[in-house]
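Asker: Heads up: the protein sequence lines correspond to chains A and B, in order. With the first letter of the first sequence counted as 1, position 276 gets the number 256 in the numbering used here; the numbers rise by one all the way through. To convert a position in the second sequence, counted from 1, into the numbering used here, add 1224.
If you're looking for bench data, these hints aren't it; they were derived computationally from the structure. Computed from a predicted model, the values in this text were never measured in an experiment. A couple of the hints might just be wrong.
Calculated cross-link-like contacts (lysine to any residue; reagent style SDA-like; alpha-carbon spacing at most 20 Å) [claimed, not checked]:
(1) 1519(B) to 560(A)
(2) 1558(B) to 89(A)
(3) 675(A) to 395(A)
(4) 41(A) to 1227(B)
(5) 686(A) to 1467(B)
(6) 1263(B) to 97(A)
(7) 1519(B) to 397(A)
(8) 644(A) to 232(A)
(9) 686(A) to 1374(B)
(10) 105(A) to 1227(B)
(11) 1558(B) to 675(A)
(12) 1263(B) to 114(A)
(13) 1263(B) to 161(A)
(14) 1263(B) to 44(A)
(15) 4(A) to 114(A)
(16) 686(A) to 1227(B)
(17) 1263(B) to 88(A)
(18) 1263(B) to 675(A)
(19) 114(A) to 1370(B)
(20) 1263(B) to 566(A)
(21) 1263(B) to 240(A)
(22) 1558(B) to 397(A)
(23) 41(A) to 1225(B)
(24) 114(A) to 1466(B)
(25) 1519(B) to 559(A)
(26) 1536(B) to 564(A)
(27) 1263(B) to 89(A)
(28) 1558(B) to 44(A)
(29) 105(A) to 1534(B)
(30) 1263(B) to 559(A)
To give an idea of the chain A side of the interface with chain B (calculated C-beta under 7 Å), a few residues [claimed, not checked]:
(31) 115
(32) 527
(33) 529
(34) 606
(35) 608
(36) 626
(37) 628
(38) 629
(39) 685
(40) 688
We put the beta carbon where it would ideally sit given N, CA and C, even for glycine.
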Amino acid sequence: MQDKNKLIGTPVSRIDGIAKVTGKAAYSTDYPVKNLAYAVLFKSTIAAGNIRSIDTATAEKAPGVLAVITHANAPKLNVDGGIRGGALLQSPEIEFYGQHIGMVVAETFEQARHATHLISVTYDKKEPKADFEKLAKEAVPSRDKEKADASRGDAKAALREATYKVEEVYGTPIEHHHPLEPHATIAEWNGDHVTLYNSSQIVNGAQSAAAKTLNIKPEQVRIVTPYIGGGFGSKGGQWANLVLTAVAAKQVNRPVKLALTRQQMVNSVGLRQRNYQKVSLAATKDGKLTALAHEITTHGAIKNEFIEPCGDCSKIMYDVPNSLITYRTVPMNVILPTYTRGPGKSTGSFALESAMDELAHTLKIDPIELRIRNEPERDPSNGKPWSSRTTVQCLRAGAAAFGWEKRKAEPRQNQQGNYLVGYGVACGTYPAHQRPTSAIVKLKRTGNDIMATVELAAADLGTGTYTILTQTAADALDLPLRNVKVVIGDSDLPPAAGAVGSVGASSYANAVNDACQKITDELLAKSGKQFYARPTAAQLMRSEKITDYQTRIDAKPLESAEEYSAHSFNANFAEVTVNRFTGMVRVNRFLAVTGAGTILNPKTARSQIIGGNIWGIGMALTEESVVDPRYGNFVTRSFADYHVPANLDIGDMDAIFIREDDQKANTLGVKGIGEVGIVGVAAAVANAIFNATGKRVRELPITPDKLL
Amino acid sequence: MRPFTYTRASDPSLAVRELAANPTAKFLAGGTNLIDLMKEDVERPSAVIDISALTLTEIKPIAAGTSKGGISIGGLGKNTDAANHPSIRQHYPLLTQAILAGASGQIRNMATNGGNLLQRTRCPYFYEVAMPCNKREPGSGCGALEGINRLHAIFGWSEKCVAVYPSDMAIALAALDAFVRVKRPNGEERSIPFTDFHRLPGDTPEQDTNLAHGELITAIDLPQNKFADRSYYLKVRDRASYAFALISVAAALEVTGNTIVQARIAMGGVSHKPWRALTAEKMLVGKEATAENFKRAADAEMAAAKPLEHNKFKVELGNRSIVLALQMAMNGGKA
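Chain B with its partners taken away, still in its complex shape:
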């Protein structure tokens, strides 16, 4: 850890201006990722602006009259509170399941909703400063590309970076077509569709998201949907708790009779961003909700996977996980 200045923000507008003025400043919210990375010398901010006292914590209905409707959750609310809020549990059980599948109880009590979206990859080459990593040190190479890459991407990776994005919460938010509301240094607000929030690595893996320096996540908006009865978050991992996903699938279905009206599938553990399985979704709409159709959709989605040396299993596991998550969603989450 290197020396840094520490200030505590009392107002969102001032906080964004203060951050924007210093290109090497960082916001500190729950601290569950930033502090770890600072201890390991991966993050080296010159200034840390503590925003944890800002009151962007409310969970409330989006004002009537806006086209989206739904519920808005505060960017600085705690993960635990979002997961357990009665409205979230009732209307967005997929989000509750995804949040509770992540990290540990202690971490979720500290971690914020906005911070969750901004957590950095757990790629071991990113975490150890002596290793090459284009994300940490552009131009130094990708340690994982030809290294130990069992946990790495099978979709959308580049020669520059094969890391995966670690959040569970974000996988559900991608499936739910959420929006990320941000405050900009000039005082304006903008709303980013969730699937545009995170980036694929391309030639600039150092940029995880399309958030500009100085922008602050004030809220996450969840549009209304008809998925509450038929959704499921499946997380496959090396141990039952406190492990990042080998594969995760957020599945949500809207079904009339046995016909699929709408299907949403997002995958975690496979890419640099939450991976919307659009090919599979498209194949399912208008079809009967049967095991055969689920399997066909999964086959089509996973056909495009490009595994690395140690993660070939993710293609088969991803396929099975899509099928299982869809089945579980159809059964209202019961095996």
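Isolated chain A, as found in the complex:
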């Protein structure tokens, strides 16, 4: 398969790049819809209780105001329709600070925003549950069957008997996705059909949730989302703002635009929850693991539960006879947590891979060697063979490329002037799945020139979907790139998987490849001829003098894929310097070595891996959303307070891909890279900091005060 490819696997520059840098790519609020009105949300200033009254009289009379919508006059919506996080203006009950309690619709954005300041609200307040440190003691087992206690052997007994062990608790803070493009929607009704221009990682999911919540049929809702300015999980499930824009547009009988402000993002579109993770490892003197327990305590929202699977890496990373994974959760007055890049695996790997580093230090075994000694031959959680697993190659190739031999085995042995230098390593993994996806391929011949159009309701988060699908179709049809057009991001197109959970590339590319093979097969059959070598679709269009032909496929994962355990794996290497006076950390060098099957485009793949790595560095060093437990509000509401890494925080970044030809996972052997890029990163940085300073920080982010 791969040897036939001309374009798959080559570093094609992104085909939508020029449109993006010249501003021609239209994002959700860029559509030139006529007669637009503007909606601005206003939010609760308590975290628990009930609205007693909302006085909207002054706001309603303010210049330009068309409507003020609150729970008192909002239409009845289906709160179980699939919109996450509630806040649909259906009741006076307040479940978290900053819950939407209404919106003003006005002629201009400024008028709408001004009117929100003229609204006065009274509440019957309740004491908020917002102090995770205290509430953690009340955590109970999850209602989710997938989060039931998972035990193999007897981890607790093995831990009791062990001489060499690590038992520590690792904390990760609340984080926010904060994509550069905030969540924004234009809603335009045409009779009883509504078009929603809205960034959506799952096009059909957004359509279904909007329709169900609005009590209309899916075919009455069209989602248009050709470009997405980042999502990181927060635009996977959809939130109240999508549907409320439609409600506002219906109410004022005009198209309405609603864009969240950065400050509103912290309590509108989910978050990565806070976790305490107790990891216990036991091992023999020579580093063979005998027990691994990963016990997670976290929180949900006040009514609904969402738990990121922090134990997933621990299930499969190492060959260990006794294993225990548990989840406990407690309701809190915060917005519902949700999928956030590398859900569970990024935070879970921080705990597991920090503990592995601690064990390596205890046993005086090189941390790479310790991992290699515990490499499992099969998936220890289910006994299935791996479709492919290159963790050891990732570790070895990374060690060679990074200069691991320069690492001092003992911490605090590498001082350069005012700086302490350290090296760290950590592994990561993320499951590889293909999801059902349909696609249409259309061929049009003009003379000898063949144009192909590929259509599917896929999403491009900004990561390169357009580009890889153009490459895939061009290879499958044997056409040059410029003769292929990819149309995605519209629910009128054939239904597709979401750009979530690292399933996008494999689901879309396999569907497009299947569709292109199918169209070639059909043209071949249509010709009724026998060929010595299989002709291309273009050749058949020409020889049979066909001007227009199209076909559709409903692609499904390979049935045989179920027999294997398919995951991407990586090894991350960090070199840090720590100012020994101030505790300020700099990641001088970072290298991620990834085994993720076929890399469709090494250029966009590298960008995606490096992007994940940088978020991981942010997770390690800077990012934290802080709640004031008295009020339940976030005190970190802007990019001045919520610290994502700046350019100056980032040193040399590099990405290496290990060659894998994994057709057990799926036809094209694509395993996905979106999530795995952040997995293991924070641990690699924390382990490097330990190597530099001798200080083990188990509570992220590792800010200067923690290293004094």
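Since chain A is already given, all that's left is putting chain B on it; use the hints.
Answerer: Same frame as chain A, now just chain B:
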């Protein structure tokens, strides 16, 4: 943001009179702070008087014959231009370092020198109008006193306010004993010693400075000094760029042989105003410039710190930062 009137001033004298006539009017210069605060409904001016077209932008030597000597930088000059001016880089490298440690390139290109001094605290309770804040709404209480106060003051705070002043530039100006020249509504000028320009919160945290309503900063005067070879601005923060200081130290030394003739130390991130470490300065004068003496001075200064629940680390960090900044100053800024 609430409705306001907007006018553009063409003359400083008219601008100060126009502002003085309206107690809820505000000057708009670079707009990097005021506009943000208006969007968040924190600042609610009824009138905005745009002074950005006034030509108070020059950087020039202070006329010979005045006792101060030195260089004067225009109140409406841009931060970037002040930081990069050859005379500032040569004679006041501490100021260049401090300005470049603040904000981001884009913000420094917009922000003015006078506006920098008048930027308001970044305390999150000040920024969110639903929270108590005596600075924003006198009498509503201090949200940070018993709230999340990791970034807050350890010196000079009151029960009314524990906020810190955010500017980096001003910390260097405090160390350099600058003067703030202002034009008053009656047309007169006055010159305010820098350390008297900002206030401690006391019972009136709503007043950041001793500038009266209607006064306009026309220039900042930098007296001559002998610190150019031995000064350093150290900023400790949660990320390498675009973060406010956890602790910053502007250190300047004049040394003969190895004996300290003059020492200036100002700290940021610790108080409602640039904090001159006078105790430490006093201890250093006449002493040898050694690590031990730096440490003793730092210990003495930080002994008076009163940390809050979440910022106890600032006492140790402040101590280390004083020592490091002094060492860096002695080495001409090299590690």
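Asker: Now look at each hint and say whether the structure bears it out.
Answerer: Hints and how they fare:
no., hint, in the structure
1, 1519(B) to 560(A), "15 Å, holds"
2, 1558(B) to 89(A), "51 Å, violated"
3, 675(A) to 395(A), "15 Å, holds"
4, 41(A) to 1227(B), "15 Å, holds"
5, 686(A) to 1467(B), "17 Å, holds"
6, 1263(B) to 97(A), "11 Å, holds"
7, 1519(B) to 397(A), "18 Å, holds"
8, 644(A) to 232(A), "54 Å, violated"
9, 686(A) to 1374(B), "12 Å, holds"
10, 105(A) to 1227(B), "32 Å, violated"
11, 1558(B) to 675(A), "26 Å, violated"
12, 1263(B) to 114(A), "35 Å, violated"
13, 1263(B) to 161(A), "19 Å, holds"
14, 1263(B) to 44(A), "18 Å, holds"
15, 4(A) to 114(A), "50 Å, violated"
16, 686(A) to 1227(B), "45 Å, violated"
17, 1263(B) to 88(A), "15 Å, holds"
18, 1263(B) to 675(A), "43 Å, violated"
19, 114(A) to 1370(B), "17 Å, holds"
20, 1263(B) to 566(A), "34 Å, violated"
21, 1263(B) to 240(A), "13 Å, holds"
22, 1558(B) to 397(A), "10 Å, holds"
23, 41(A) to 1225(B), "17 Å, holds"
24, 114(A) to 1466(B), "33 Å, violated"
25, 1519(B) to 559(A), "17 Å, holds"
26, 1536(B) to 564(A), "17 Å, holds"
27, 1263(B) to 89(A), "12 Å, holds"
28, 1558(B) to 44(A), "59 Å, violated"
29, 105(A) to 1534(B), "27 Å, violated"
30, 1263(B) to 559(A), "38 Å, violated"
31, 115, "17 Å, violated"
32, 527, "53 Å, violated"
33, 529, "52 Å, violated"
34, 606, "6 Å, holds"
35, 608, "5 Å, holds"
36, 626, "4 Å, holds"
37, 628, "4 Å, holds"
38, 629, "5 Å, holds"
39, 685, "4 Å, holds"
40, 688, "5 Å, holds"
Violated hints, listed in ascending order, are 2, 8, 10, 11, 12, 15, 16, 18, 20, 24, 28, 29, 30, 31, 32, 33; each of the other numbered hints is respected by the structure.
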